[in-house]
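> Each chain is listed here by its residues.
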Amino acid sequence: MFRVETQPNEMAFDISLDGHPVGAREGETVAAVLLRSPPFHARRTTISGSRRAPFCMMGVCFECVLDVDGIRQRACMTVVRPGMQVARIAGVVKVG
Amino acid sequence: MEGAERIWDVIIIGAGPAGMSAAEVIANAGFRVIVVDEQPAPGGQIWRGIERRKDDAEGVAAVGRFRSCDASYLPETRMWQLEPLESGQGWRVYLAGAGRAFWRECRILLLATGAYERPSPLPDWTLPGVLTVGGAQILLKTSLQIPDEPVWIAGAGPLPLLYMVQLLKNGGRIAGYLDTSPKGGLRRSLSLLWPALRADWRGLLRGLGWQARLRFAGVRVWRGATDISAQADSNGGSLREVSFRDAAGRHRRARTSVLLLHRGLLPVTDASRAVGCAHDWVESQGCFAPKLDEWGMTSRDDLFVTGDGAGIGGADAAVLRGRLTALGILLRLRGPEEMVASTDYLHQADVIRTRLARLLHRQHFIDALYPPPGIDDVGDDVLVCRCEEVRAGTLRAAIAEFPDGGPDEIKIRTRCGMGACQGRQCGDALAGIFATARGKSMADVGIFRVRPPIRPLSFTELATLGVPEPIAKGDLNDDI
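Chains as they are written, first to last, in my numbering: chain A, 1 to 96; chain B, 1 to 480.
Hints listed in this document are in silico derivations from the structure and should not be mistaken for laboratory results.
Be aware that one or more of the hints could be misleading.
Distance condition first, Cα-Cα at most 25 Å in a straight line; then the derived SDA-like pairs of lysine to any residue [as the list claims (entries may be wrong)]:
no.	chain 1	residue 1	chain 2	residue 2
1	B	Lys-54	A	Thr-6
2	B	Lys-54	A	Phe-13
3	B	Lys-54	A	Glu-5
4	B	Lys-169	A	Gln-7
5	B	Lys-54	A	Glu-10
6	B	Lys-54	A	Gln-7
7	B	Lys-54	A	Glu-28
8	B	Lys-183	B	Asp-227
9	B	Lys-54	A	Arg-25
10	B	Lys-183	B	Val-219
11	B	Lys-169	A	Arg-3
12	B	Lys-54	A	Gly-70
13	B	Lys-169	A	Gly-19
14	B	Lys-54	A	Gly-59
15	B	Lys-169	A	Glu-5
16	B	Lys-183	B	Lys-291
17	B	Lys-169	A	Glu-28
18	B	Lys-169	A	Gln-73
19	B	Lys-440	B	Ile-412
20	B	Lys-440	B	Arg-396
21	B	Lys-54	A	Arg-3
22	B	Lys-440	B	Gly-374
23	B	Lys-54	B	Gln-166
24	B	Lys-291	B	Arg-255
25	B	Lys-54	A	Val-4
26	B	Lys-54	A	Glu-26
Using the sequences and the hints, build the whole thing.
Right under this line is the structure:
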């Protein structure tokens, strides 16, 4: 979906996305990482279970909300840190 | 030495061009000011990540001045509720950040929350791969990240042109631009061209340059495209195809994994609406903006609005508005007894007002060239409220079913606008659909109310409210 041009001298490290290591670069947001990590979405909605991914990138649409180190946050407003644990939100769980 | 009980002179919400310039003026006049912002670094959206990129001298200078002034700064902090103080003078501002909720009190509150992109409801615009043009530009600016295959862009305005130029420069490719601006742009804007040139001829020339560069690069432009829609891949997961009707009425479709949308900008009015400030319908920009006096004060005492939140004008206009509003705030803080300072402020304000009025002619020209789009062509099956998944048809049915209700009634009946984004994505569309259905003007219809929390707040955060807090670094600047 999206790709980056790697810059010389930039700091790169891994964060954990749903338990898998993915590459991240210093200063970028979790949303930027999501948009190059299939299947790209941040969460499933609680109503229809449809997948939602970063949309506005500036904190107004709340589509990219997910769990970062156990706290629900907007991926587009959260800057990556080494060792960060990011978990997509599963959305509605149908019982019975 | 520090606590929630201390009253600040001014609290500013937003550290973009307007908030930073206002903070600088107020702090330099010796008043205690605190600036709250959701981002990790100052600069707002226009200068996001500027301290790392350093590619805009004006932005670097503005952020540098803000960093070195005596204003306290609370980054990564959300404002979720405003309340007038019991004394009737000043405001209590509820905040949350780093897992904690807390409040600060101030004599004067200034909202400098800027603008965001007018949402573009169309079929399946919720699919991963559909983003706003501004969102894609933020990815480019902060992450040097671009779509990995030729991208489709749909909409109108200066921002798509700028983004396409930036994208090409950074090795990106464009499959096509679906230009939805109505015909007759030159005819509509010609009479405004001369004052706009006087306001900012360099900016206008730059805009012409973008168009020339796009033409030279062979970017395919589809003028007058309609019926634009996104389509999912077979497992319903992500965007796979964009379809539209060209100007000749032919149906066209193309494979793509990224579709970018832009329909102009809206002022952020959630906070001013939540506390019941009066708002005006601005016909030329197709938006509601808070009703302000000549200093930027709203219909509520001691609550000011500045920058693009007062009406779209651009970053340089926001800087001027920030300074002007700051002078108004200084006058109110000092009171009438300090006449010497006041005379000086009045003179400075006049100078700024003249420059601002001149500069805004550029915006009048842009508004005429790219008039605000309507919402009438949105089909019944299109999701208008992304959070609560409410479709246009559901809204139209509710509007017919409850003929006495206003937008607030429709919100309650359908849950449109009750999700996490607090109606920022659907409020404008609901008002438009409502106005058309009832045959009323937008000014008469208004827009639904915003309820606290203005930003989502977890129960864990809420539970910390009122619990003694560790001393925040930013609060210590004048407490030695």
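> Confirm or reject each hint.
Results of checking the hints against the structure:
A C-alpha spacing of about 18 Å is found between Lys-54/B and Thr-6/A, which places the hinted pair at or below 25 Å, so the restraint holds. Of the pairs offered as hints, the one joining Lys-54/B and Phe-13/A holds, with about 23 Å between alpha carbons and a cut-off of 25 Å not exceeded. The suggested pairing of Lys-54/B with Glu-5/A holds, with an alpha-carbon distance near 18 Å, which does not exceed 25 Å. Simply put, Lys-169/B and Gln-7/A have alpha-carbon atoms about 16 Å apart, close enough for the 25 Å limit, and the pair holds.
Between Lys-54/B and Glu-10/A, the direct Cα distance comes to roughly 15 Å. Compliance with the 25 Å bound is thereby established for this hinted pair. Restraint check for Lys-54/B and Gln-7/A: the C-alpha separation of about 15 Å stays at or below 25 Å, so the hint holds. The hinted pair formed by Lys-54/B and Glu-28/A meets the criterion: a straight-line CA distance of about 15 Å does not exceed 25 Å. Of the supplied pair hints, the one linking Lys-183/B and Asp-227/B holds, its CA atoms being roughly 17 Å apart against a limit of 25 Å.
For the proposed pair Lys-54/B and Arg-25/A, the alpha carbon gap of about 18 Å is at most 25 Å, so the pair holds. Distance restraint check for Lys-183/B and Val-219/B: the Cα-Cα separation of roughly 19 Å lies within the 25 Å cut-off, and the hinted pair is therefore satisfied. Annotation: proposed proximity of Lys-169/B to Arg-3/A holds, straight-line Cα distance about 15 Å (limit 25 Å). Taking the CA atoms of Lys-54/B and Gly-70/A, the gap is about 34 Å. The hint is violated against a cut of 25 Å.
For the proposed pair Lys-169/B and Gly-19/A, the alpha carbon gap of about 36 Å is over 25 Å, so the pair is violated. About 23 Å separates the Cα atoms of Lys-54/B and Gly-59/A, which keeps this hinted pair within 25 Å; it holds. Taken as a hint, the Lys-169/B and Glu-5/A pair is honoured in the structure, with Cα atoms around 12 Å apart against an allowance of 25 Å. A hinted pair counts as satisfied when its Cα atoms are at most 25 Å apart, and Lys-183/B with Lys-291/B does not qualify at roughly 32 Å.
The hinted pair formed by Lys-169/B and Glu-28/A meets the criterion: a straight-line CA distance of about 20 Å does not exceed 25 Å. Taking the CA atoms of Lys-169/B and Gln-73/A, the gap is near 33 Å; set against the 25 Å cutoff, the hint is violated. Our distance criterion of 25 Å between C-alpha atoms is met by Lys-440/B and Ile-412/B, whose separation comes to about 21 Å. With a CA separation close to 14 Å, the supplied pair Lys-440/B and Arg-396/B stays within the 25 Å bound.
Between the alpha carbons of Lys-54/B and Arg-3/A the distance comes to roughly 22 Å, so the proposed pair stays at or under 25 Å and holds. Simply put, Lys-440/B and Gly-374/B have alpha-carbon atoms about 14 Å apart, close enough for the 25 Å limit, and the pair holds. For the suggested pair Lys-54/B and Gln-166/B, the alpha carbons sit about 16 Å apart, so the restraint of at most 25 Å is met. Distance restraint check for Lys-291/B and Arg-255/B: the Cα-Cα separation of roughly 46 Å exceeds the 25 Å cut-off, and the hinted pair is therefore not satisfied.
At roughly 19 Å between alpha-carbon atoms, Lys-54/B and Val-4/A fall within 25 Å of each other, so this suggested pair holds. Between Lys-54/B and Glu-26/A, the direct Cα distance comes to roughly 16 Å. Compliance with the 25 Å bound is thereby established for this hinted pair.
Of the numbered hints given earlier, the model fails hints 12, 13, 16, 18, 24; all others are met.
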